[in-house]
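Based on the hints, put chain B in the right spot on chain A.
2 protein chains.
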Amino acid sequence: MAHEQAIAAIRETLGDRITTSKSDLDLHGANETHFAPMPPDAVAYPESTAEVAAIVRACAAHGCPVVAWGTGTSLEGHALARHGGVTIDFQRMKRLLRVSPEDMDCTVEPGLTREELNTELRATGLFFPVDPGANASLGGMAATRASGTTAVRYGTMRDNVLALEVVLADGRVIHTGSRARKSSAGYDLTRLFIGSEGTLGIITGLTLRLQGQPEAVSAGICAFDDVGAAVSTVIATIQMGIPMARIELVDAATAAAFNAYADAEMPEKPHLLVEFHGSEAGVAEQAERFGEIVAEMGGSPFEWSQQTEERNRLWKMRHNAYYACLASRPGATALVTDVCVPISRLAEAVEETAADIAASPIPGPILGHVGDGNFHAALLIEPGNAEELAIAQALSHRMVERALKLGGTATGEHGVGMGKTAYMEAEHGAGWEVMSAIKQALDPENLLNPGKLLRGN
Amino acid sequence: MAHEQAIAAIRETLGDRITTSKSDLDLHGANETHFAPMPPDAVAYPESTAEVAAIVRACAAHGCPVVAWGTGTSLEGHALARHGGVTIDFQRMKRLLRVSPEDMDCTVEPGLTREELNTELRATGLFFPVDPGANASLGGMAATRASGTTAVRYGTMRDNVLALEVVLADGRVIHTGSRARKSSAGYDLTRLFIGSEGTLGIITGLTLRLQGQPEAVSAGICAFDDVGAAVSTVIATIQMGIPMARIELVDAATAAAFNAYADAEMPEKPHLLVEFHGSEAGVAEQAERFGEIVAEMGGSPFEWSQQTEERNRLWKMRHNAYYACLASRPGATALVTDVCVPISRLAEAVEETAADIAASPIPGPILGHVGDGNFHAALLIEPGNAEELAIAQALSHRMVERALKLGGTATGEHGVGMGKTAYMEAEHGAGWEVMSAIKQALDPENLLNPGKLLRGN
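Residue numbers (the numbering used here), protein chains in the order written: chain A, 1 to 457; chain B, 1001 to 1457.
Check before you lean on any hint, since a few could be wrong.
Claimed, not checked - Computed Cβ-Cβ distance ranges for the label pairs, DEER-style:
{"no.": "1", "chain 1": "B", "residue 1": "Thr-1308", "chain 2": "A", "residue 2": "Arg-313", "range": "28 to 34 Å"}
{"no.": "2", "chain 1": "B", "residue 1": "Lys-1316", "chain 2": "A", "residue 2": "Glu-280", "range": "31 to 37 Å"}
{"no.": "3", "chain 1": "B", "residue 1": "Lys-1316", "chain 2": "A", "residue 2": "Asp-356", "range": "51 to 57 Å"}
{"no.": "4", "chain 1": "A", "residue 1": "Gln-393", "chain 2": "B", "residue 2": "Lys-1405", "range": "50 to 56 Å"}
Unchecked claim - Negatives, chain B to chain A, calculated, CB over 10 Å:
{"no.": "5", "residue": "Leu-1025"}
{"no.": "6", "residue": "Arg-1057"}
{"no.": "7", "residue": "Pro-1101"}
{"no.": "8", "residue": "Leu-1200"}
{"no.": "9", "residue": "Asn-1259"}
{"no.": "10", "residue": "Ile-1293"}
{"no.": "11", "residue": "Ser-1300"}
{"no.": "12", "residue": "Arg-1402"}
It should be emphasised that the hints constitute simulated quantities derived from the structure, not laboratory data. No experiment lies behind these values; they were computed from the predicted model shown. Note that CB positions come from ideal geometry on N, CA and C, so glycine has one too.
Okay, chain A solo, but in the shape it has when bound:
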């Protein structure tokens, strides 16, 4: 009833850009992983910050939850309407508002996706480096503190957002940060909203750091007999200060999946996929020096190239890893884990995880952003098979416990959402209560994305 009143009030502003059609509700109640559908009561399509503020004010007046929706590619149920309410879909707010080549920054609306941004930037010589795999919206990437293959060089969303425009729970609009590269002017509200998963405010604008497209790129691949040797190679490379733009680990099971899915002809062993960005001479030197380290660590010869086609083939294969893994068990869905540990503990974390999966009845190829100590197992289960889901959840649970014991985190880049709240107390202790105190201060009625990230929410 309250929700209906909110929807009626929003309709006065948005007209037919708020809908309650079943197909729209179903679409926005679905997710890419194993969570049950949770549709909202309505879906709104605002075209401006003022309209978002009007939606939030109407919801606040009637006690109606508000959930922000980018592309729906979250893996932890972030954008599901757990308590119904209004989902704000940002597909009509995807403009690139401003680019400054001199400052290497730009301002975008939250619905713009990273691939769309990079297409628009192509002629400028600049690019936005954060690459979580999915063609996610930039607002959603900020809200979940996304990262991916390039974080080892360029950082995560935390490092690549200069400023935000945010609609607060009471409809006020604030601007955090500035276009200055750094500031000591008070609490870091930008970083507070990045990763807050829509629970503290709705992001309606982002000012992003951009990078110059590298003059040259080299990339290559090599195999190791075990994960330990691969990780030792990564550690030595970082210690020598060789700047990697990407360094990805895939295990033997993932290599096998690549062979089947993409005719990759890889030995069924752990591999590193590596990329360097820099000057022509620089990336050649870096690849050569990396190859020397690989040889010392007993890896297969590091085959690298500066040719665009060969690089694209390599990273297309990596980007399709999720689908390659899915295809390795036809008809399967995946529960994707996401722990991150100090890199000195990465080999044991991966090896113990692999042994645990091998002792279970379900397959779980492992791949990871090894320069950051972050890795995923794609636990492949039959849709609707409760027993397999329980086994996958138990495997995931043990991965998280292992990661926390090793000084790591329950989620390196996917976020908390609905899937990881159970671990927040173990990971943060009283810090989780501090998060709740901040939530209470900024959203006392708990209307912004309720049921996510926080305790009893």
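Okay, now just chain B, sitting in the frame of chain A:
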């Protein structure tokens, strides 16, 4: 009276490590800049986190303010006891607790200074890169989100702290972040406490990212006819992706001060001081390419070297810039400004500032971390001369207004403290109210460093 009760309660735990001697109070009521002395009622010297928590609990029980003190090198009055109370001096908590060469991280107590840390790290091949000039404590550097000459390459304290231990206003101890390189596990409390200036909690431990000591370093200097050409050189260098470890601008007045103070024999023109870190071949290539850009922009020949002695001479001169500027007006004290703007607006910001200073009766050499768009004017005034202080404050005021108009910030690295609160509403709008709401949630009695950063505090 309340303060006396708190002091008595603390004495039960700390014995004679809490003192009310006049010399101690005076020392902790002083500052390096123009603020009037504001001594606390007592100074405590804890030796452990548990003792810090006991101090805070005693202060909370009796409504007594608590101020954290590192080395007292703040330039905005951060550590002054504006409302009296107990100052916690961390000089007995300065241990390096742990170093992991494989993870390139370490854990320290907050009183350890950055130079002390780097001395302890020397044998490991690692170093901590953030360099604000002063030999500040690492706890203080985190609390003020310090940066300095190397931020263009290595980032600020925001980027180089992985995890914190914090004593909250009620004496609870929390651990934020982890040793994992990245995480999406909830609100970014680490970044919230970094830059919170002791108003949300007392930092009692820090886990820091370290860097490998570069295999090779090249550094050099060149002059330009005007600031615009120097800034254009920096912009072009960044756009070409040439990674600078430091790039510092000094204006003609600062060059003159160097000549007088350090026999520098520099033409009295704007200069860039630049450093590159990398492999032997890499830093040579970078210096050569930078030299080409300088030549295109009409600068003097870029003289560079990989020799340690020449580099040390260059950076020693830069590090002593504050003293060189002070010496250029014998007996003077300085009001040091600290704006930061988008780099495309830097030339006009510097040039308008220089013209404004030139039209005033007081000298103000300008120098800056030009790769970040951050610059300082050292406004040299006669101690106790109220008229000159007012002129300097008016110059500083116009610098801040200009910076905000250009999309920048009132403080790039010095913080808010007592000196910049007047600009927070203009810079943050309703965001400043959000900061107050967070403060209210975490420190409802306003006992942690009252009178700083926030409105009416």
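How the hints compare with the structure:
1. B:Thr-1308 with A:Arg-313: 28 to 34 Å: violated, 45 Å
2. B:Lys-1316 with A:Glu-280: 31 to 37 Å: holds, 36 Å
3. B:Lys-1316 with A:Asp-356: 51 to 57 Å: holds, 55 Å
4. A:Gln-393 with B:Lys-1405: 50 to 56 Å: holds, 54 Å
5. Leu-1025: Non-interface label on Leu-1025 of chain B holds, nearest chain A Cβ at 28 Å vs cutoff 10 Å.
6. Arg-1057: The claim holds: Arg-1057 of chain B sits with its nearest Cβ about 14 Å from chain A, beyond 10 Å.
7. Pro-1101: violated, 7 Å
8. Leu-1200: Per Cβ check, Leu-1200 of chain B is inside 10 Å of chain A; nearest 8 Å; violated.
9. Asn-1259: holds, 30 Å
10. Ile-1293: Its Cβ never comes within 10 Å of chain A, the nearest being 14 Å, so this holds.
11. Ser-1300: Correct as stated: the minimum Cβ-Cβ distance to chain A is 24 Å, above 10 Å.
12. Arg-1402: Arg-1402 of chain B clear of chain A: closest Cβ-Cβ about 13 Å, beyond 10 Å.
Comparing the model with each earlier hint shows violations of hints 1, 7 and 8; every other hint is respected.
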